[in-house]
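Chains as they are written, first to last, in my numbering: chain D, 157 to 519; chain F, 414 to 833.
No lab work stands behind these hints: they were computed from the structure. Any given hint might turn out to be false.
Which chain F residues stay away from chain D? Per the calculated CB distances, all over 10 Å, these [said to hold, decoys possible]: (1) Pro432; (2) Trp564; (3) Leu567; (4) Lys592; (5) Ile645; (6) Ile651; (7) Thr665; (8) Met737; (9) Ile748; (10) Tyr818.
Chain D side only, calculated, beta carbon under 8 Å to chain F, not exhaustive [unchecked claim]: (11) Asn230; (12) Pro234; (13) Gly240; (14) His251; (15) Tyr255.
Backbone N, C-alpha and C define an ideal beta-carbon position, used for all residues, glycine too.
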Amino acid sequence: MATSNKSFVKFENVQKSYDGEVLVVKDLNLEISKGEFLTMLGPSGSGKTTCLMMLAGFETATHGIISLDGNPINNIPPHKRGIGMVFQNYALFPHMTVYENLSFPLEVRKLTKTVREEKIKRALDMVQMREFGNRRPAQLSGGQQQRIALARSLVFEPELVLMDEPLGALDKQLREHMQYEIKHLHERLGVTVVYVTHDQSEALTMSDRVAVFNDGVIQQLASPPNLYEKPENAFVAQFIGENNKIMAEVVDVKGSVVTAKTSKGNLLKSKKVNCDKIGSKTTLSIRPERIKVGTKGENTSEAKVLELIYIGDHIRCRMLVEGDENFIVKIPNSKSISNLKIGLKTKVSWSTSDCRALDRLVQ
Amino acid sequence: MLASQNEKRKEMLSNDGIPLKKKLSRALFQSRLRAFGLVIPLLLLISVGFVFPIIVFLTRGVYNDTFEKYMVNLTPILAEWDGKSEPTEEMYEALVLDLVWLKKTKNIGKVASRMNREMSGSRSLFTSSARKAKKLEAPFKESLIGVKKKWENLETWRAMKVTSHSLTPVFLASALDMKYTAEGSFIQKSEDRRIHVKLFIRTLEISLVVVIAGLILGYPVAFLLANLPIRISNLLLILVLLPFWTSLLVRTTAWIAMLQGQGVLNDLFVVFGIATDEDRFTLIYNKAGTLISMTHILLPFMILPIYSVMKTIPPSYVRAAKSMGATNWTAFWRIYFPQTIPGIGAGAILVFILAISFYITPALVGGQDGTMISNFIDYHMRKSLNWSLAAAMGGVLLVIILFLYWIYDRVVGIDNMKLG
Numbered sequence: 157m158a159t160s161n162k163s164f165v166k167f168e169n170v171q172k173s174y175d176g177e178v179l180v181v182k183d184l185n186l187e188i189s190k191g192e193f194l195t196m197l198g199p200s201g202s203g204k205t206t207c208l209m210m211l212a213g214f215e216t217a218t219h220g221i222i223s224l225d226g227n228p229i230n231n232i233p234p235h236k237r238g239i240g241m242v243f244q245n246y247a248l249f250p251h252m253t254v255y256e257n258l259s260f261p262l263e264v265r266k267l268t269k270t271v272r273e274e275k276i277k278r279a280l281d282m283v284q285m286r287e288f289g290n291r292r293p294a295q296l297s298g299g300q301q302q303r304i305a306l307a308r309s310l311v312f313e314p315e316l317v318l319m320d321e322p323l324g325a326l327d328k329q330l331r332e333h334m335q336y337e338i339k340h341l342h343e344r345l346g347v348t349v350v351y352v353t354h355d356q357s358e359a360l361t362m363s364d365r366v367a368v369f370n371d372g373v374i375q376q377l378a379s380p381p382n383l384y385e386k387p388e389n390a391f392v393a394q395f396i397g398e399n400n401k402i403m404a405e406v407v408d409v410k411g412s413v414v415t416a417k418t419s420k421g422n423l424l425k426s427k428k429v430n431c432d433k434i435g436s437k438t439t440l441s442i443r444p445e446r447i448k449v450g451t452k453g454e455n456t457s458e459a460k461v462l463e464l465i466y467i468g469d470h471i472r473c474r475m476l477v478e479g480d481e482n483f484i485v486k487i488p489n490s491k492s493i494s495n496l497k498i499g500l501k502t503k504v505s506w507s508t509s510d511c512r513a514l515d516r517l518v519q
Numbered sequence: 414m415l416a417s418q419n420e421k422r423k424e425m426l427s428n429d430g431i432p433l434k435k436k437l438s439r440a441l442f443q444s445r446l447r448a449f450g451l452v453i454p455l456l457l458l459i460s461v462g463f464v465f466p467i468i469v470f471l472t473r474g475v476y477n478d479t480f481e482k483y484m485v486n487l488t489p490i491l492a493e494w495d496g497k498s499e500p501t502e503e504m505y506e507a508l509v510l511d512l513v514w515l516k517k518t519k520n521i522g523k524v525a526s527r528m529n530r531e532m533s534g535s536r537s538l539f540t541s542s543a544r545k546a547k548k549l550e551a552p553f554k555e556s557l558i559g560v561k562k563k564w565e566n567l568e569t570w571r572a573m574k575v576t577s578h579s580l581t582p583v584f585l586a587s588a589l590d591m592k593y594t595a596e597g598s599f600i601q602k603s604e605d606r607r608i609h610v611k612l613f614i615r616t617l618e619i620s621l622v623v624v625i626a627g628l629i630l631g632y633p634v635a636f637l638l639a640n641l642p643i644r645i646s647n648l649l650l651i652l653v654l655l656p657f658w659t660s661l662l663v664r665t666t667a668w669i670a671m672l673q674g675q676g677v678l679n680d681l682f683v684v685f686g687i688a689t690d691e692d693r694f695t696l697i698y699n700k701a702g703t704l705i706s707m708t709h710i711l712l713p714f715m716i717l718p719i720y721s722v723m724k725t726i727p728p729s730y731v732r733a734a735k736s737m738g739a740t741n742w743t744a745f746w747r748i749y750f751p752q753t754i755p756g757i758g759a760g761a762i763l764v765f766i767l768a769i770s771f772y773i774t775p776a777l778v779g780g781q782d783g784t785m786i787s788n789f790i791d792y793h794m795r796k797s798l799n800w801s802l803a804a805a806m807g808g809v810l811l812v813i814i815l816f817l818y819w820i821y822d823r824v825v826g827i828d829n830m831k832l833g
């Protein structure tokens, strides 16, 4: 086979417009390797679902090439693509039993009855739903329906499975449970998964790589740790996890260290990631758990405690820092926290390597 | 013992010691009463203005006391007569007595026309005999036969015996082209007089064809309505609903203008050379006219239920089917279509029940072979004034509809019907 495993699915310069005026997807380039779990993450309207639908064949790309296993699939109808798909509302056929639902993709492939039975049994075992074959979808709970939808998308053994916010309708606990189940299933079967969600914790938990979408463009494509630890722009920093941002102006660049001046006149050092030359605006990004309270450090700023929220393992502390009233600090639960009082004036500090100088955030 | 103890323990008491069930029903009573109060006006209107008259009228189909009411003397004697032996002098005497009295009270016409329905030609027999009855003297048998030879016939007497029963199946039998004899058995009418069964069958056939044609024409329209962008589909919906804003009579007469020999459609056929000017198609005043205009008039009733069901089917089902490898046709036939069956059922039953009792349209465009049972019921109501037969035919129609409804429930299931 001519293709490498590296680009099992390939988007090349793909654009999509519904009305000829606005581009929903702007010049998408993306390669997904075989066996990878890739998540398209982004707010609603960011173009992630459109990309998935183009891959499935339900939307046509306005421009560019989408190829699967080396072959362009732009002109191949959905039913010939052999891609499994799990839908947001499961799309289990209500007039068929669970067994018939699973049998459907095998029947249209004209498999014999014995083969079908064998495959359905295996698929049902895979999601631990063996004894539910005779039920109708309406007789199943949300989680059970989700499992059947999963089994149905895998029963004909596709190499690529698309999932469009499959856990969106489940409650929090069940959602988390299903995240692990899907992840394990992926590991066990080695199937390539393209997963769409707007839930960042879901994306971080399950994926090999996450593509963060905004405004029709992939903002960053990285593994979950890199995405969280090393956001490349202000949007990603803000979208993934909790983030503190300080608006500042670049006054000096030395190697990989940027010195920036805040509106209060404080000079802060940070790691150069995505900021322009001296004199331009930048967003300094620091994660709440990397901040120390009450001690001086490489970078220090005045702070005032505005609100304390008891979470259990940690205390969420909202502070006024550099004119920002929503500066969040996570303080591990220990005896010293009893010193914190609302209204207390103190200092916060962080190391230069934990602070990233990013592009100016347009809001 | 143990069981009763268990039962006692099971009965829950509320805080003030009253059984919980009693307390609950008391609490619900108030809201039930209020709900009932809301429907009382409609309930009264329907029961007084609809259900009661229908029941009263339907009883006419099996109950007609004209003979019993006016032939006071003869009726009890006829009841004892076996219907085979020679009529006795006593019977003739009672008949003459009744005829004299009927002539005096001017009720002879009612009995005569009632008898005429049982045996044609007996109207004049009764009226002319009644005219002379006053002068007749004993023995009445000879003198009555002297007036009219027909009084001698056993058939005349047998017809009177059948008519003397007020609660009678004669009308029902007649509605089904049968005759009820004095011995209490049913025989088929002679071939040339059997019209009702043919008419019932034609009515069912026309209704069925209208349902099928409506389904074929309406299903794609409903599909378009449910799947087009909202702006276009709203426009289309207005076009579908437009006929509802036009009177039924106007729509039917519009079809006359369209379909008649010199009408729009035939003119077009001539222009396009499909028909010659001398040999135009007969599209109206026959079954074709009835079918075309009824299909058109009832089409919205087919489209709307199907549309509202289709509207609730998310597009992801068909997408899911396609992603699993189904072709467009398979996805439609195995996934989409089965889910529209409740709408098809509702539309079909709605159109069928409306069609089976359709009246104005077949009357206007039906001609001879396009008339339906309702036109015949109307004929007996207004022209022949044989209300009992009309009621019997109506009753038979009602039974047929209920029977079909029952079959539908067995085959498709009435809970499976959805109007949206």
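Separation of Tyr818 (chain F) from chain D, once the least beta-carbon distance is taken, above 10 Å: Given a closest Cβ separation of 23 Å, the condition holds.
Closest CB of chain D to the CB of Thr665 (chain F) still more than 10 Å away: holds, 39 Å
Distal placement of Trp564 (chain F) relative to chain D, Cβ over 10 Å: holds, 72 Å
Chain F contact restraint for Pro234 (chain D) - C-beta distance below 8 Å: holds, 4 Å
Gly240 (chain D) as chain F interface residue, shortest Cβ-Cβ below 8 Å: For Gly240 (chain D), the interface hint holds, since the closest Cβ of chain F sits about 7 Å away, which is under 8 Å.
Restraint satisfaction for Asn230 (chain D) [CB to CB of chain F, less than 8 Å]: Cβ of Asn230 (chain D) sits 16 Å from chain F, so the hint is violated.
10 Å cut-off, C-beta based - Leu567 (chain F) kept clear of every residue in chain D: holds, 66 Å
Met737 (chain F) and chain D, when compared Cβ to Cβ, separated by more than 10 Å: Label violated. Min Cβ-Cβ 3 Å, cutoff 10 Å.
Nearest-CB test (10 Å) between chain D and Ile645 (chain F): Nearest chain D Cβ is 15 Å from Ile645 (chain F), so the label holds.
Hint check: 8 Å Cβ-Cβ cutoff, His251 (chain D) to chain F: This interface hint holds because 5 Å falls under the 8 Å limit.
Beyond 10 Å from each Cβ of chain D, as asserted for Pro432 (chain F): holds, 35 Å
Claimed clearance of chain D by Lys592 (chain F), with the beta carbon kept past 10 Å: holds, 51 Å
In the structure shown, a violation is registered for the earlier hints numbered 8, 9, 11 and 15, in ascending order.
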